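A.B. asks: Protein sequences appear in the order of chains A and B. Residue numbers for the first sequence follow my numbering, beginning at 1 and rising by one. Residue numbers for the second sequence follow my numbering, beginning at 1 and rising by one.
Be aware that one or more of the hints could be misleading.
Said to hold, decoys possible - Stretches of chain A that chain B covers, calculated by requiring three or more beta carbons in the stretch to come under 8 Å of a beta carbon on chain B:
no.	stretch
1	6-16
2	23-36
3	68-79
To be clear, the hints were calculated from the coordinates, so they are not data collected in a lab. These numbers come from a predicted model, not from an experiment. For each residue, glycine too, the CB sits at the ideal point set by N, CA and C.
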Amino acid sequence: MAEEIITFTEDQKTKEFILKIFGKTVDAEGYIVEIDNPAQKVLTPDGEALLFEDFAGVQKGSELFIKSDLPSIFKVATRG
Amino acid sequence: MGWQEFFKGLFKADINAKVADTVQTGDGDTFKGCTFVINLNIPEAAVEQDGKKVINPEKLSQDKLNMLLALLNSRTQELPKGETIVLTTKDNNWAEDIKRKDSAPDVREILEFYKDKIPAADLIILRQAMYIKKVFLERRNQDVRNMKRDIRDKYGKRGANITNLCTAGYYEKDFNEMYEELSKIYITEDKIKAKFLSLYDPYVDDLPCSVFVSIGMKEEDIEKQIVTRLKYGIDYIKVHGIGSSNVKRVKKVISVLEKTMSIEKNIIDDNNVITAELTFAKRQED
Numbered sequence: 001m002a003e004e005i006i007t008f009t010e011d012q013k014t015k016e017f018i019l020k021i022f023g024k025t026v027d028a029e030g031y032i033v034e035i036d037n038p039a040q041k042v043l044t045p046d047g048e049a050l051l052f053e054d055f056a057g058v059q060k061g062s063e064l065f066i067k068s069d070l071p072s073i074f075k076v077a078t079r080g
Numbered sequence: 001m002g003w004q005e006f007f008k009g010l011f012k013a014d015i016n017a018k019v020a021d022t023v024q025t026g027d028g029d030t031f032k033g034c035t036f037v038i039n040l041n042i043p044e045a046a047v048e049q050d051g052k053k054v055i056n057p058e059k060l061s062q063d064k065l066n067m068l069l070a071l072l073n074s075r076t077q078e079l080p081k082g083e084t085i086v087l088t089t090k091d092n093n094w095a096e097d098i099k100r101k102d103s104a105p106d107v108r109e110i111l112e113f114y115k116d117k118i119p120a121a122d123l124i125i126l127r128q129a130m131y132i133k134k135v136f137l138e139r140r141n142q143d144v145r146n147m148k149r150d151i152r153d154k155y156g157k158r159g160a161n162i163t164n165l166c167t168a169g170y171y172e173k174d175f176n177e178m179y180e181e182l183s184k185i186y187i188t189e190d191k192i193k194a195k196f197l198s199l200y201d202p203y204v205d206d207l208p209c210s211v212f213v214s215i216g217m218k219e220e221d222i223e224k225q226i227v228t229r230l231k232y233g234i235d236y237i238k239v240h241g242i243g244s245s246n247v248k249r250v251k252k253v254i255s256v257l258e259k260t261m262s263i264e265k266n267i268i269d270d271n272n273v274i275t276a277e278l279t280f281a282k283r284q285e286d
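Chain B with its partners taken away, still in its complex shape:
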């Protein structure tokens, strides 16, 4: 018994022929390259929607239901370890979107560059962060917020920092440039990598020169983060914010700081994504 027998008679004749064709491209038992969906809310036992075969097990005859359960059971037994047995339609679509974006040349290039330069655990997070960045560019803001929360829940503060650094372009530019500069100073690959890691590692933990503004941060929180860095002698700070309210608060804080400090600014405000590079020359109270 296989999928071919299960699907026999379930669909209208023309669809049956298509199903038979699909099955025959496999080994007769394999429903090759085909997606079918289990949905208990359709009125029919089986229907084709958007090229997918949708089955309602509650509407199947007892014989067909038994066959379906047996096929799912044998699938569970026969699949190699780690293979997906069933997945929600939403999560399957999500997995397909991940596969598409993860294989993009720019993502591959960055992962290839960092694969032997940063810790393996960071590379796993960076790969997911690259995906979040691509979703962010599609302006799927709620999805981005949810995924950032997932990263923080699973990998903690370091995960959140890697995601923020990635979204802000540090892996494409800043860290890359840092590595290139070190390549001019040190001769052997091992020394370059070791020096790079000694700078990169604490940076990701503490973000000494970066402030990432999130929705929950008040103006005084942003100011405090900047001032704390200044107290530690850091005079170059990059402030990042996404969304109109964050952009507005970043600009307000900068104008407040400018009343008491001399700041050289380079502000890029592109479609409610702000990057403010601030170089602090002198504090009036110093």
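Excised from the complex, chain A in its bound form:
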């Protein structure tokens, strides 16, 4: 893990702010999509469309959006 740890709180406002930094927003169905192309859903490393409520964070990869579930967070925790 990097030396500095940057986290954000789970409330809607803060999560939307973080997504905006990465050029993403949420569509009417609750999925995270590209701001520039709302038809384009953001995918997890497993190729799964990601719901806003399941959004856990972002990994370098170039940008990998992390799902808040055990297999994904386990991968984050045990990397390296």
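Use these hints to put chain B onto chain A, whose structure you have.
C.D. replies: For chain B alone, kept in the frame of chain A given last:
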């Protein structure tokens, strides 16, 4: 421009000094070993809570906001592939809990034992199942239910079976004993491993001697699972249940079965965790 410049003036003087100290232990640009939290709901631009620096970007001056965005951007560019750029506070705490439990000696020992004995995909699931078991021992039942669902969603029935077997202690005892017994029969390591895998693999798929009782199972479902195994000639069955209602149903089913069958029982009921080892001698209708 670095984090040091960004944090300059954001906190009260004493906290600023602490922040400066933290930065200086790094390379001046690195916020070494420090956690800061982005939260748009605090009234201040920056505040220290529980040793963490909490920032509200909406309350920052335009200059500071631009600096923050630039720093996050450069972090995104510079981090090695796979590193976490940002994570929710809740998931970061979860990751820290995983790291702590995953490095426990008993977990390491079990993973080390099975690392070249079971398929690599099973080992990945087993590692997560060991974590679930530790959370289960802390009686965080809702977390356990959620994580079991995550495992089933990602790895399917085999994942769910490995988790249940792990929680019930099969990897510590039953499979370990199976391997030790095979070691007495076969001489070479390769043969022992091959034989073990030929027994372990279908067991994990079908759980021939095990019944795991979940909340949604009715008494007739539990009975059906046991009777189906008996039909296939299996006369030794271990029934596992967690929680008072599951324990009650397991006991009721056993008493119903006892009316028509002769069963040798070894029931361990410890704090609403039941393991009933049942050896069926003879069915009256046979």
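A.B. asks: Which hint numbers doesn't this structure obey?
C.D. replies: 2
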